[in-house]
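J.: Now for the letters of each chain:
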Amino acid sequence: MTVKNTVKASEKKQRITIRFAGDSGDGIQLSGGQFTNTTALFGNDLSTLPDFPAEIRAPAGTLFGVSGFQIQFSSTDVHTPGDEFDVLIAMNPAALKVNLKQLKQNGIIIVNKDAFSVRNLKLADYDQNPLEDRSLDGYQVFDVPITSLTRETLVDTSLSAKEKDRCKNFFALGIAYWMFTRPLDTTLRWIETKFKSKPDLVEANSLALNAGYGYALSTEIFTTSYHIEQAKVEPGIYRNITGNEAIVIGLITAAKKAGMELFLGGYPITPASDILHYMSRYRNYDVKTFQAEDEIAGIGAALGASFAGALGVTASSGPGIALKSEFLGYAVMTELPLVVINIQRGGPSTGLPTKTEQSDLLQAVYGRNGEAPIPVVAAQSPADCFNAAFEAAKIALKFTTPVLLLSDGYIANGAEPWRIPDPDNIPEIKIQYAESNGEYKPYLRNPDTLSRIMSLPGTAGNEHRLGGLEKEDISGNVSYDADNHDKMVRLRAEKISKINTLVSSPVLDGESKGDVLIISWGSTFGTIKNAVEKIRENGNSVSWYHMRWINPLPPNLSEFIHNFKHVLVPEINLGQLIKIIRSEYLVDAKPFNLVRGLPFSTRDIINAYYSITGK
Amino acid sequence: MTVKNTVKASEKKQRITIRFAGDSGDGIQLSGGQFTNTTALFGNDLSTLPDFPAEIRAPAGTLFGVSGFQIQFSSTDVHTPGDEFDVLIAMNPAALKVNLKQLKQNGIIIVNKDAFSVRNLKLADYDQNPLEDRSLDGYQVFDVPITSLTRETLVDTSLSAKEKDRCKNFFALGIAYWMFTRPLDTTLRWIETKFKSKPDLVEANSLALNAGYGYALSTEIFTTSYHIEQAKVEPGIYRNITGNEAIVIGLITAAKKAGMELFLGGYPITPASDILHYMSRYRNYDVKTFQAEDEIAGIGAALGASFAGALGVTASSGPGIALKSEFLGYAVMTELPLVVINIQRGGPSTGLPTKTEQSDLLQAVYGRNGEAPIPVVAAQSPADCFNAAFEAAKIALKFTTPVLLLSDGYIANGAEPWRIPDPDNIPEIKIQYAESNGEYKPYLRNPDTLSRIMSLPGTAGNEHRLGGLEKEDISGNVSYDADNHDKMVRLRAEKISKINTLVSSPVLDGESKGDVLIISWGSTFGTIKNAVEKIRENGNSVSWYHMRWINPLPPNLSEFIHNFKHVLVPEINLGQLIKIIRSEYLVDAKPFNLVRGLPFSTRDIINAYYSITGK
Amino acid sequence: MQETLQKDSVTQYSKDDFSSDQEVRWCPGCGDYSILAQTKKVLPELGIPREKIVFVSGIGCSSRFPYYVNSYGIHSIHGRAPAIASGIKLTNPELKVFLVTGDGDGLSIGGNHLIHLCRRNIDITVLLFNNRIYGLTKGQYSPTSEKGKITKSSPYGALENPFNPIKMAIAAGATFVARSIDREPKHLAETIAEAAKHKGTSFVEIYQNCNIFNDGAFEQLTGKEKKDHIVIMEEDKPYIFGTNNDQVIDWRDNHFYREKLDSSKSYINHTPNKKRDAIEFALAELSDNPELPTPIGIFKRTNEETYDGLLTKQVSDVKEKLGNGDLNKLLFSGNTWEIK
Amino acid sequence: MQETLQKDSVTQYSKDDFSSDQEVRWCPGCGDYSILAQTKKVLPELGIPREKIVFVSGIGCSSRFPYYVNSYGIHSIHGRAPAIASGIKLTNPELKVFLVTGDGDGLSIGGNHLIHLCRRNIDITVLLFNNRIYGLTKGQYSPTSEKGKITKSSPYGALENPFNPIKMAIAAGATFVARSIDREPKHLAETIAEAAKHKGTSFVEIYQNCNIFNDGAFEQLTGKEKKDHIVIMEEDKPYIFGTNNDQVIDWRDNHFYREKLDSSKSYINHTPNKKRDAIEFALAELSDNPELPTPIGIFKRTNEETYDGLLTKQVSDVKEKLGNGDLNKLLFSGNTWEIK
Ligand SMILES: Cc1ncc(C[n+]2csc(CCOP(=O)(O)OP(=O)(O)O)c2C)c(N)n1
Ligand SMILES: Cc1ncc(C[n+]2csc(CCOP(=O)(O)OP(=O)(O)O)c2C)c(N)n1
Ligand code: SF4
Ligand code: SF4
Ligand SMILES: [Mg+2]
Ligand SMILES: [Mg+2]
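Protein chains in written order, with our numbering: chain A, 1 to 615; chain B, 1 to 615; chain C, 1 to 340; chain D, 1 to 340.
Don't take every hint at face value.
[Claimed, not checked] Pulled a few chain A residues facing chain B out of the computed Cβ check, cut under 8 angstroms: (1) A54; (2) V202; (3) V332; (4) M333; (5) G347; (6) L352; (7) G367; (8) R368; (9) E371; (10) A372; (11) A493.
[Stated by the list, open to error] Chain C regions said to be covered by chain A (calculated; three or more residues, Cβ under 8 angstroms): (12) 48-54; (13) 65-74; (14) 91-103; (15) 219-228; (16) 325-338.
Simulated from the structure, these hints should not be mistaken for laboratory data. Because the structure is a prediction, the values reported are computed rather than measured. For glycine and all other residues, C-beta sits at the position ideal for the given N, C-alpha and C.
Please take these sequences and the hints and turn them into a complete structure.
T.: What follows is the structure, given as structure tokens:
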């Protein structure tokens with residue numbers, strides 16, 4: 001490798017989106033993770049999204065086996081991992097093919113030239129080598145023989161050929177670090193800890209990283225590096241967090257603040273499994289996880305745990321949530337606290353397990369037999385999952401009710417920096433149990449919340465029985481009385497509406513009257529925030545209301561919803577929240593729907609805005 | 001027994017409601033059934049409702065052990081079993097106590113005086129004997145020592161004392177036959193066939209029936225008999241039928257008309273079990289019933305049967321339907337025909353298993369993960385269950401879709417005369433299968449209905465695989481493609497909307513504009529029909545639209561729904577159809593809800609009408 | 001657990017202390033009454049405070065049981081009692097958890113939960129009331145009904161082979177497996193008591209007469225000649241039975257055979273307390289064979305680690321290793337950075 | 001059924017005729033490939049036309065199987081394949097129905113359906129791919145994972161005892177029960193063929209290596225010294241095994257013992273074709289015992305009435321008795337009356 005020292009240009013940028021892509025075996029997620037950590041510590045705001053293939057380990061080189069990791073980072077606010085990217089790092093032809101359409105015009109492509117073999121080109125359905133047929137004109141292409149350069153770098157190490165090749169992602173990462181002027185030390189330190197017991201791997205990976213950096217710095221191939229200044233974000237201590245991690249931490253925090261054990265009854269299902277995985281690590285936090293035989297047993301065990309005094313939690317995705325329907329009704333009848341998490345994915349049925357969607361909202365609100373109202377709360381971003389989960393647990397406990405927490409595949413796996421709250425500033429969740437006086441009435445209610453006043457097994461004198469048959473008011477005895485039934489059905493509904501006394505309505509973003517009001521919920525938050533900013537930058541006016549609790553509906557919405565010419569409800573489904581909005585407020589809201597298993601792009605929303613206003 | 005011949009008055013009546021009531025062991029359902037048959041053959045229009053206790057066999061004499069049977073019959077149209085009754089036949093104090101509040105002022109009470117022992121009075125929570133404390137003033141009370149009279153009648157038979165006492169329901173029935181001038185022969189014939197192998201029972205029961213009749217005729221106690229003329233109903237051959245029987249017969253008829261086997265995958269649950277019971281008798285109609293290990297296996301087996309070429313059917317009630325949610329989504333994805341019957345009962349959870357309710361509508365329409373549209377059709381009366389079931393099967397087969405058929409406890413067990421259609425006039429259900437040509441595309445659609453064109457196992461050359469992952473349009477291969485997913489989600493929704501090309505909208509009853517439009521669905525039909533007639537009789541105007549298909553919505557509703565000052569939607573839930581109506585038509589419809597586990601009374605609806613109009 | 005509980009000063013309970021204020025609403029004559037009575041008799045003997053006892057059931061006539069016992073209780077949904085019971089026991093291992101179920105609730109819709117409970121060996125006592133019928137839904141055949149049975153849902157005869165619940169419990173790994181009969185109150189009480197004292201999943205099948213929908217299902221075992229049809233298994237004793245105590249079953253050629261007792265011969269003894277289950281399985285098969293007597297008593301009883309015990313241990317091991325969970329550590333773990 | 005099918009003039013199929021047009025998408029090296037290959041080899045031998053074969057599966061890596069076989073097929077939902085397969089077979093008994101499932105699909109969420117299928121003895125061939133892990137969801141422990149196993153969902157070790165699928169199938173009443181291994185292609189093909197030819201529920205547990213999430217789970221049974229750890233059960237032969245064919249297991253004192261083969265002695269022979277299952281149960285237990293070899297081959301094979309056969313018979317019996325169903329009779333039955 002001949003290296004020349006050259007003087008290179010440095011350009012300031014405000015915002016960059018990079019996509020790492022390659023085979024599942026290429027270490028893409030690892031590179032992405034390292035780039036993220038380094039970027040976070042550097043002080044940029046950022047948001048990330050991993051994108052796994054549906055197959056566990058698809059054959060190398062195939063189109064459906066491409067694994068991706070995307071990061072957007074900036075010196076100003078970042079709300080999404082980005083729609084299109086500025087830079088594509090493609091470790092093979094399939095990775096190039098799959099991702100090219102999302103690369104910006106004149107974007108940068110870094111490819112591992114060595115991987116563009118005839119075999120790989122064929123696997124990727126390329127008739128001709130795109131590096132040679134001028135089809136990449138209009139992009140800035142850097143074809144680097146990453147494999148051979150890595151081998152050369154490691155020629156003196158004792159690694160096998162296969163092991164050497166596995167270091168090539170660090171070489172590529174080194175190039176990226178140079179290009180975006182990131183320091184290497186975070187990753188070098190990580191390599192040291194990670195491979196502590198294998199010094200030759202520490203050496204090799206560090207060499208490869210440095211070599212990639214050195215290569216970019218010294219050769220004439222790369223002419224410009226980019227500088228993205230620190231973002232002006234709120235002071236505090238930050239960590240990068242995925243939605244599923246944040247849910248786990250939020251719930252454990254809630255349990256601790258309520259002075260309870262946490263019990264998760266789970267069953268693996270994509271994309272909710274990580275909640276079970278993360279949760280099972282926290283035994284020392286009095287967290288018990290129970291991998292049940294199915295989703296029904298999972299929620300059943302969680303409900304039993306709630307009866308015995310733990311914070312009962314169960315997490316799943318669409319098909320698994322469907323299985324829990326009967327038990328959800330039972331939780332409504334027994335009025336026990338329970339947090340039920342639905343990480344939505346593409347449906348119906350098995351659908352698109354690894355894709356994202358917002359299509360379980362009406363199931364959450366209505367999907368049970370009988371009048372079985374359940375509060376529904378939706379998280380809006382990876383870090384926000386912490387707050388949403390904490391709030392869901394608080395409401396479940398305070399109102400002795402199951403609560404449905406909606407997240408989705410997009411924010412569950414996506415990550416963003418999270419400003420860690422001071423645990424001491426998080427208020428306790430106080431729960432009132434009945435006194436042990438031998439006169440216990442299990443359906444006596446707290447007059448403010450209408451919640452039952454629970455009493456736990458072990459409390460002498462308060463022995464009682466719960467069940468799914470209709471309950472007599474106050475005594476909780478089985479009752480077939482007609483008037484009592486009507487009363488109880490209404491009481492259960494009224495209790496849910498009282499939740500509004502404990503949670504606050506979202507704040508309207510923008511004027512309280514005008515042309516267009518956008519109403520949204522869940523994971524579209526970041527994209528819509530981008531779009532709203534853009535629309536305003538373009539000199540147009542728009543107001544925006546992002547809902548947190550879908551049931552009960554927030555009281556302030558009725559104050560302004562009729563003040564707009566147009567109400568636009570964008571959802572990644574065929575129109576679900578909009579049904580509730582139209583029914584409740586009799587406003588002629590218009591839907592915007594794309595059901596592609598993918599998050600909206602900012603442009604989608606902007607276009608929807610223009611199309612509704614006719615501008 | 002001293003008997004005098006007396007001359008008695010005979011009074012004409014247009015409409016009578018009788019309630020038979022007593023212990024579960026008193027043969028109440030049997031007496032009611034006999035009275036019904038006799039009355040039907042006599043030519044009155046009628047409607048009946050059995051009312052069982054929740055316990056299997058509650059201890060004799062208790063309040064919760066009272067079993068009832070109600071019949072309304074008339075010389076004009078009958079739409080319901082009646083709200084209040086003219087006559088109460090109470091075989092013990094508990095039966096009196098439980099039913100008295102529904103007896104009309106000055107109504108007739110016939111009690112078995114012998115049963116008013118201290119013990120029974122205590123069991124019925126009576127401090128004093130109501131036959132003696134004047135608390136029944138305001139009613140016409142006939143206290144007949146039915147038990148001792150029956151014993152006396154049978155003194156010469158060889159029956160044991162216990163067996164003799166069991167004949168007392170026929171004695172009571174005899175009284176009723178006299179009072180309403182019914183002939184005895186239908187019941188006498190029935191007794192003969194029923195007890196063919198036990199001649200002494202034939203004799204005893206016939207004696208008791210005659211004795212009761214004779215007693216009423218000859219003693220001075222009963223002074224007036226009533227005459228209710230034949231109703232002017234459409235000519236034809238009639239039978240009395242319950243809702244569950246009608247569903248079974250309707251489905252078997254549909255299967256025959258489609259030239260298919262019928263396969264029911266069932267699991268017992270109140271009040272749907274009778275569908276499994278009745279269906280299992282029809283093996284010679286190529287009906288296979290499979291009592292599965294649970295509701296999930298029941299729907300799964302039915303769906304497998306559909307794949308193999310049968311008409312797959314599954315029937316359950318609320319909690320069981322909840323368990324089927326996941327499989328319903330799978331049926332949507334595989335686009336296989338399937339009829340799913342929900343006999344609604346009081347909810348949520350186990351709720352009130354023996355009571356009626358309309359609270360599973362939103363579950364039917366929305367209760368699945370993902371965008372999983374399913375057509376929903378509701379039966380309106382016992383006999384109408386035949387048509388509703390036939391239509392549900394037809395649509396399932398024609399549109400290769402699961403169909404949800406909603407009935408409820410009220411019409412499932414209730415009965416009314418059914419004018420039997422001529423089987424030859426029922427059109428065939430023609431199904432188009434794919435040709436065996438080795439080019440089979442499982443997701444190729446019929447352009448009119450958008451249904452899949454199916455091909456059954458056994459068809460050489462058309463081997464194919466179905467599954468719950470998203471399908472590629474036409475080929476049916478698994479597809480993770482974003483645009484294909486959006487397309488398929490919309491195609492599945494569009495298919496359901498096409499059902500309106502094959503079913504007709506309900507006809508509006510009344511003017512197409514005015515003060516009040518009542519919109520209703522399901523089993524409230526009869527009561528609302530009564531109420532609408534009454535409202536009009538009182539000189540007020542009202543229009544009425546009773547829906548059959550809830551999904552898709554009928555196209556004609558939009559033509560007039562905005563032409564009324566008030567839109568009233570009465571439902572036995574907290575307001576479910578109304579949510580759909582308001583959302584779809586943006587009309588400020590008002591709910592009327594009572595959730596008492598009971599059908600509405602005519603008065604409830606009339607009051608709701610007056611309260612909405614402020615009259 | 002037993003130890004912990006006995007430390008409390010337990011009031012000397014009587015049977016009546018375990019009667020709840022709810023009216024018992026089974027059909028007159030139902031076998032469930034006897035099981036309730038014997039259970040209430042056994043409870044005071046366990047020396048466990050009433051508030052530390054939880055009865056969990058599913059849906060069915062049998063599953064109404066918890067309403068009638070004055071302890072904590074859950075009448076859950078059809079088939080799911082094992083899930084709820086597991087959640088309760090794992091959350092608070094100090095509680096004594098009973099599970100009451102029927103042949104429909106426990107073996108039809110709830111079969112999977114039940115075998116997984118047995119496999120996990122969670123310390124729960126299961127009482128399965130086997131009346132070979134669905135009682136509450138008014139008489140359909142159940143997974144233990146005999147082939148050919150005519151019921152509401154099988155007017156031409158059921159086509160299915162019945163489950164043998166004892167076989168299933170053994171195969172699934174329950175560590176205590178026994179059978180008794182509603183009409184043998186003394187044996188029933190003893191069996192329930194032994195099951196309740198066992199640590200681990202204890203499974204008791206109780207033959208129960210449903211006099212309304214399946215009257216006489218166990219006629220042979222409860223009628224006058226019952227002694228010819230039942231063999232009571234007693235530890236370390238041969239399987240002797242018969243009205244005159246003159247019959248025995250013995251294990252030869254890898255099968256059980258019935259023969260006349262010959263006091264000069266020696267016979268295989270009942271040894272339920274071992275880990276390998278083939279003989280127990282053969283004993284369980286006897287009730288499927290009309291020629292041989294039906295064994296009642298304890299088929300199997302072994303001492304194995306319970307899931308709840310292991311979980312408690314895992315929690316404390318991890319605490320020892322990683323320290324008690326602390327919110328600061330939880331929140332500030334991983335790569336953190338500070339923005340000033 | 002076999003008879004009917006053989007009457008059709010069945011084309012002489014080759015293995016490739018059963019390859020569908022779908023790309024096979026398991027991880028390179030996955031044991032599923034071998035099972036697919038052996039199955040496609042067996043199918044032509046059955047003499048059943050391709051269009052009369054249906055493969056039904058649940059969800060899991062294993063459950064992708066039907067996509068790769070050119071026959072009718074259903075990739076259903078998690079755990080529910082037995083329900084769908086039963087509906088198909090009962091509707092059209094002419095079809096040959098295979099059910100493909102995994103240790104998670106078939107024994108965790110689908111355990112109940114599977115044991116009820118075995119109990120009913122519906123003529124369906126079940127292939128359970130046991131890799132002792134949840135593959136598709138990326139590596140959680142399954143109901144056949146060993147106690148203490150560290151996985152994504154059990155970072156401190158799983159606390160559960162594994163199921164023994166053979167025990168469960170025997171206890172539930174399957175009439176054909178066998179085990180084979182992905183790495184023994186010949187044995188595997190023979191076993192699948194025998195299972196497919198059996199009339200009634202045939203259950204085959206196939207040990208399958210998941211080289212991504214549970215590599216080497218069956219190392220002992222597939223590695224160099226495998227002959228010391230496997231005993232191949234052959235009808236009417238003693239249980240001889242070992243690298244030098246010098247080991248035997250014999251039944252003594254009601255247990256199986258391992259010993260050195262002594263050609264002068266006689267040993268218990270393998271007789272799978274009988275109704276009582278205690279010995280089969282004992283054989284099934286061997287794989288739980290690290291000291292003893294794991295049996296592969298056919299544990300049990302008995303000839304019993306199938307549910308589908310009985311149902312067909314019931315339909316024709318009722319037709320004979322009541323006459324073919326006729327719409328006029330159906331509609332005009334019961335008490336009718338005429339209004340003119
Ligand atoms: C999900 C659901 N399915 C069905 C039912 C109806 N159901 C209630 S109890 C029961 C069977 C009861 O049988 P078993 O467990 O043997 O109890 P038994 O009444 O005989 O004591 C059924 C099918 C229900 N309540 N819930
Ligand atoms: C209702 C439902 N729950 C959970 C899942 C997620 N899931 C898919 S496959 C699987 C387990 C697969 O394990 P196994 O049956 O052993 O198959 P393998 O992948 O190991 O072949 C799970 C939990 C699902 N698809 N549906
Ligand atoms: S139906 Fe049978 S099991 Fe149920 S209470 Fe009555 S007798 Fe007992
Ligand atoms: S994850 Fe395991 S079982 Fe699944 S395909 Fe890969 S190797 Fe096979
Ligand atoms: Mg039972
Ligand atoms: Mg597996």
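J.: Each hint: holds or not?
T.: Cross-check of the supplied hints:
1. A54: Interface hint status for A54(A): holds (6 angstroms vs cutoff 8 angstroms).
2. V202: Constraint on V202(A) not satisfied, violated at 38 angstroms.
3. V332: 5 angstroms, holds
4. M333: With a closest approach of 4 angstroms, the M333(A) hint holds.
5. G347: 2 angstroms, holds
6. L352: Hint holds; L352(A) Cβ to chain B Cβ min 5 angstroms, cut 8 angstroms.
7. G367: 4 angstroms, holds
8. R368: At about 6 angstroms, which falls below the 8 angstroms cut-off, the nearest Cβ of chain B leaves the hint on R368(A) intact, so it holds.
9. E371: OK, holds: E371(A) within 8 angstroms of chain B, min 5 angstroms.
10. A372: Cβ of A372(A) sits 4 angstroms from chain B, so the hint holds.
11. A493: Interface hint status for A493(A): holds (6 angstroms vs cutoff 8 angstroms).
12. 48-54: holds (count 5)
13. 65-74: Since 7 is at least three, the answer is holds.
14. 91-103: holds (count 4)
15. 219-228: This one is violated; 0 residues, fewer than the three required, reach chain A with a Cβ under 8 angstroms.
16. 325-338: As far as the stretch 325-338 of chain C goes, the hint holds, because 12 residues have Cβ atoms under 8 angstroms from chain A.
The structure is inconsistent with the numbered hints 2 and 15, although it conforms to all the rest.
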